[in-house]
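Trainee: Now for the letters of each chain:
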Amino acid sequence: MVHDVRHRTRHVIRIVRGITLVAVAALAGCRPARADDRVTLTLAGSALGAEGAVVTAQAARFERLDPSVRVVIQRTPDDASQRHQLFVQWLNAHVGQPDILQLDVVWTSEFAAAGWILPLTRWHTDTHDFFPGVVAGDEWNGVLYALPWWTDIGMLYWRTDLMPRPPATMDEMTDALRRARSAGGPRDGLVWQGARYEGLVTVFLEFLGAYGGRIMDDSGRVVVDAPQAVAALTRMRDLLREGLVPRDAMTWHEEESRFDFQNGDAVFMRNWPYAYALMSDSGASRVAGRFGAAPMPSAPGGTPTATLGGQQLAINAYTEHPDAAYRLIAYLTAPAQELERARVAGTLPPRRSLYDEPALDSALPMGVTVARQVLEHATPRPVTPIYSQLSDLLQIQLHRALTGQTDPASALHTAAAGMNALVERTHVRELAHAQHSDASIPAR
Amino acid sequence: MKEERTAWVLLAPALGSILLVAMFPLGWTMWESLHQHDLRMPWLGRPFVGLANYATVATDARFWEAIGHTAFFAVVSIALELALGLVLALAMNRTFRARGIVRAAVLLPWAIPTVVAALLSRFMFESPWGVIDVLLMRTGVAHQPVVWLAGSHIAWVPLILADVWKTTPFVALLLLAGLQNIDRELYEAAAIDGASAWWQLRRITLPLLKPAIVVALIFRTLDAFRVFDLVYVLTGGGPGTSTEPIALYTFNTLLQNLEFGYGAALSVVVFAATFGLAMLYIRWMGGVSPGEVAA
Numbered sequence: 007m008v009h010d011v012r013h014r015t016r017h018v019i020r021i022v023r024g025i026t027l028v029a030v031a032a033l034a035g036c037r038p039a040r041a042d043d044r045v046t047l048t049l050a051g052s053a054l055g056a057e058g059a060v061v062t063a064q065a066a067r068f069e070r071l072d073p074s075v076r077v078v079i080q081r082t083p084d085d086a087s088q089r090h091q092l093f094v095q096w097l098n099a100h101v102g103q104p105d106i107l108q109l110d111v112v113w114t115s116e117f118a119a120a121g122w123i124l125p126l127t128r129w130h131t132d133t134h135d136f137f138p139g140v141v142a143g144d145e146w147n148g149v150l151y152a153l154p155w156w157t158d159i160g161m162l163y164w165r166t167d168l169m170p171r172p173p174a175t176m177d178e179m180t181d182a183l184r185r186a187r188s189a190g191g192p193r194d195g196l197v198w199q200g201a202r203y204e205g206l207v208t209v210f211l212e213f214l215g216a217y218g219g220r221i222m223d224d225s226g227r228v229v230v231d232a233p234q235a236v237a238a239l240t241r242m243r244d245l246l247r248e249g250l251v252p253r254d255a256m257t258w259h260e261e262e263s264r265f266d267f268q269n270g271d272a273v274f275m276r277n278w279p280y281a282y283a284l285m286s287d288s289g290a291s292r293v294a295g296r297f298g299a300a301p302m303p304s305a306p307g308g309t310p311t312a313t314l315g316g317q318q319l320a321i322n323a324y325t326e327h328p329d330a331a332y333r334l335i336a337y338l339t340a341p342a343q344e345l346e347r348a349r350v351a352g353t354l355p356p357r358r359s360l361y362d363e364p365a366l367d368s369a370l371p372m373g374v375t376v377a378r379q380v381l382e383h384a385t386p387r388p389v390t391p392i393y394s395q396l397s398d399l400l401q402i403q404l405h406r407a408l409t410g411q412t413d414p415a416s417a418l419h420t421a422a423a424g425m426n427a428l429v430e431r432t433h434v435r436e437l438a439h440a441q442h443s444d445a446s447i448p449a450r
Numbered sequence: 009m010k011e012e013r014t015a016w017v018l019l020a021p022a023l024g025s026i027l028l029v030a031m032f033p034l035g036w037t038m039w040e041s042l043h044q045h046d047l048r049m050p051w052l053g054r055p056f057v058g059l060a061n062y063a064t065v066a067t068d069a070r071f072w073e074a075i076g077h078t079a080f081f082a083v084v085s086i087a088l089e090l091a092l093g094l095v096l097a098l099a100m101n102r103t104f105r106a107r108g109i110v111r112a113a114v115l116l117p118w119a120i121p122t123v124v125a126a127l128l129s130r131f132m133f134e135s136p137w138g139v140i141d142v143l144l145m146r147t148g149v150a151h152q153p154v155v156w157l158a159g160s161h162i163a164w165v166p167l168i169l170a171d172v173w174k175t176t177p178f179v180a181l182l183l184l185a186g187l188q189n190i191d192r193e194l195y196e197a198a199a200i201d202g203a204s205a206w207w208q209l210r211r212i213t214l215p216l217l218k219p220a221i222v223v224a225l226i227f228r229t230l231d232a233f234r235v236f237d238l239v240y241v242l243t244g245g246g247p248g249t250s251t252e253p254i255a256l257y258t259f260n261t262l263l264q265n266l267e268f269g270y271g272a273a274l275s276v277v278v279f280a281a282t283f284g285l286a287m288l289y290i291r292w293m294g295g296v297s298p299g300e301v302a303a
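Chains S and X, in that order, are what the protein sequence lines are.
Per our numbering, residue 7 is the first one in the first sequence, and the count goes up by one each step.
Per our numbering, residue 9 is the first one in the second sequence, and the count goes up by one each step.
Calculated from the structure, these hints are not laboratory results.
Possibly wrong hints are sitting among the right ones.
A few chain X residues that face chain S, going by a derived Cβ cut-off under 8 Å, partial list only [claimed, not checked]:
id: 1; residue: S135
id: 2; residue: H151
id: 3; residue: V155
id: 4; residue: A158
id: 5; residue: P247
id: 6; residue: G248
id: 7; residue: L263
id: 8; residue: N265
If you want the ones that stay clear, here's a sample from chain X, every Cβ over 12 Å from chain S, calculated [claimed, not checked]:
id: 9; residue: V29
id: 10; residue: R107
id: 11; residue: W118
id: 12; residue: L128
id: 13; residue: P153
id: 14; residue: H161
id: 15; residue: L184
id: 16; residue: D191
id: 17; residue: L230
Keep in mind that this is a model prediction, so the values were computed, not measured.
Backbone N, C-alpha and C define an ideal beta-carbon position, used for all residues, glycine too.
Chain S with its partners taken away, still in its complex shape (with noise of 0.2 Å):
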């Protein structure tokens, strides 16, 4: 049944794709022949700032270096949620550009899984530099779909004035946060992105790591309300409780921490690298050189746990030009370009290797030693084609419970009944085993 409507629905589009190339073709025929005979690829994701100036000069550099290639850079939303929205509705109606998408790396199996990205087997990439976690959120059923572009990952920064050291445990950081409060410290505790959005999930995935729990079971099963996850969600709730974590937290994303946090007003704050070179900035940050970065603590029956985050490059499978955007998409993920990336741009590259070069310790605001220190701990989020739904239950559960609205307990209960039966309802665990090839590569 479902075969039969996906075959029809291709059928009909091969013949208004057809209709669309004679149109096409007939009124390439009226112009002039076109002096640029290049192939051109184009490539959408961030495309501001420092990132922006960055992807451009290697773009140009890559078209000397391949002439019968033009690259285009695509200015998409800076806002994840808006440019994963726009990618699916143009990747349902078959759009063979953007040729190159950026992807977070939550949303490689799902894209995958949907048979819009291209398996990059045929190309026989080496795979052995990139970390092993970034190359795991890459693959579906074993197969490669993306390659790690750069990474990003969950960290404590501390004020070195306020204390000799990080805190290594939770007890350890909730004594810290007591005594800075008692001595007058900084008006707010903890500060952490607690708003309802995907943001708030990487912050309990690292409570959660902390007490060994975990979001989904080696078999997909959702075990999020086993109890390691429901003492880690109590943590975080008894924090806010205490005053420790302001309630305010629970409506900021990632700027309105750092605000905080850089305008000196808290003790820690939970967020990403970008962070670390925005606020050593003496001319606008009143803790530059007063802060350090750290993994975030752990706690008894778990390991320190920082969410792995970061930007991957994946072909469109509707692409005219497969082994063009291979060459582009290698280029990029090179170890030269990761590395001039994270010195103009500050991202942290997903290579190994790289975090031994001195160039790198250089070019990183934080240095290779804290950097390496976090990325020992980081931890994917589940790979699943279904984790943006599967983190939406959760936010909203997660968000309840931290608002007072309901406990710990039976929120993270709810969350995990409703995430397992979206499990089943969307069969994604046949599909891990089922499709493997076949079905992932779209009809051309």
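Start from chain S and add chain X according to the hints.
Mentor: Just chain X, lined up with the frame of chain S:
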């Protein structure tokens, strides 16, 4: 006979446009709502599922909560707007100097786009730096900054205040039009009979203002039922989903999660509810003569 044909020919463009821009999308949405169609899960295809989406709607707790939030928002904000609007209209109906300027000034909030108004309130209610919290602390009313947007009950305060601030002028203007149609002689006669101002308000103003009130109610109810931008900007429906109205839930389902089938079913339900409300009001207005409604 010939005239009738000419009439149809002349009507054709209008009918065609209505078919194209109103009936076709509506029909398409209804057809879509009978399918399971999730843009992000092409492996599920787009199977016809009959009324299954509607059965899910009926048991969807988030949907019923959203309906509850919408109704709550509508009742409270409209009650406040009618009361305040009436006061403003009565004030503006008196003759005084600079009346034109006052009327224009009162209407100003209505002219501001909702998204801008929502952003303004967001900045004002942001804690602890927002102007409201700063004022409350300076005047000693509060000792701790009030966290407006992260409390499931208190988050309604900025939402409803923002709506009241923006929409009261509209209600006031509608009521003012109604007031100006009331015959002055009625008040004179009542005054001669020794009726108090309160009695005049209850026995003359309010009954004769009924058509205008009904019109204001219709507009406001239909608007409040579709409230979206205000909540989207101010609370995003949170904390949790405790301020999520039905329009925002539909938007999230359709455009954020790209669940076209289920989202279409939600849209159809919202459409049916709004349509039903409109019908109800029109019947209610039936008791009022058309001439009065025109006021």
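Trainee: Check each numbered hint against the structure and report the violated ones by number, ascending.
Mentor: 2, 13 and 14
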